[in-house]
Amino acid sequence: MAEKPEDLNLPNSVIARIIKEALPEGVIISKESRSAISKAASVFVLYCTSCANNYALQQKRKTLKDVDVLAALEEMEFENFVPQLKQFLEAFKLEQKGKKTALEKRRKAKESSANTPELTSDVEKADAAGIGAEMGNLDELLVMDTDDGANNKFEPINSN
Amino acid sequence: MDVKSSKPPVATGLPMSRVKIIMKSSPDVDHISPDALFAMTKATELFVAHLSNETFKNNDKKGIEYCELANVVNNDDIFGFLQEVIPHKITVREYWKLIGKVDEDDDSEKSSSESE
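Chains as they are written, first to last, in this note's numbering: chain A, 1 to 160; chain B, 1001 to 1116.
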């Protein structure tokens, strides 16, 4: 919330840049008029907010939505902003959507990466068990071999 | 989107956090959706550009002075809500006249509010 009265002002440097971009090059803006425009912008936000809020209340909503802002602009006779704003909004929504899906992807990747170590360890365990079993079988085979080949010159491996 | 690829359309020059603070300072606003906040920020940018453009169009000088701004605000109906924010400049003599006139109208309350 606003604690200091300065919090209700918009940053002067940004306002100056927007004015500069809007006007042809070489136009000088007096300091006085710049601060007046800045104040005007703050008041514009407040006025537009209250209009939008009225509209939202009419629709029995408590959350301000983009449609409320567009309706408020039309009510304030700034309807020439609306088409441009709609384009901006579309781009913004697309980006938000992109961000969301990217986040979900990342989360999914994280989850799957969290799952895979368990899987690999299970696989390893299974593998290890399998290998152990095989080894056991081998031992038996070897023993059998030695038993069978008692007469042969083979030395029993167990003695090693 | 590809048409405006030279300039990223989504980036706002004005800080959305500050715009939100201003919006929330309005007493009966509860929640603001991110879309609404973005729309408001962009609308404010457009408004600033529009106001300075209108002022520039309506004078033939090379710069924007306060008095021209006040002229535009007080002559154009759509800027009516700014009449108290950007009033015409008046001289002290005119001011005293105004105060005196109000005093003569024996409305003491009005005179105190005018002198503020």
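Read the hints as simulated data drawn from the structure, not as lab findings. Note that the structure is predicted; figures quoted are calculated from it, not measured. Please note: incorrect hints may appear among the correct ones.
Some chain B residues judged to face chain A by a derived CB distance under 10 Å, without partners named [what the hints assert, rightly or not]: (1) Val1029; (2) Ile1032; (3) Pro1034; (4) Ala1039; (5) Leu1046; (6) Phe1056; (7) Asn1058; (8) Gly1063; (9) Asn1075; (10) Leu1082; (11) Glu1084; (12) Ile1090; (13) Val1092; (14) Glu1094; (15) Gly1100.
For every residue, glycine included, the Cβ atom is placed at its ideal position computed from N, Cα and C.
Check the structure against each numbered hint from earlier and tell me which ones fail, lowest number first. 7, 9, 12, 13, 14 and 15
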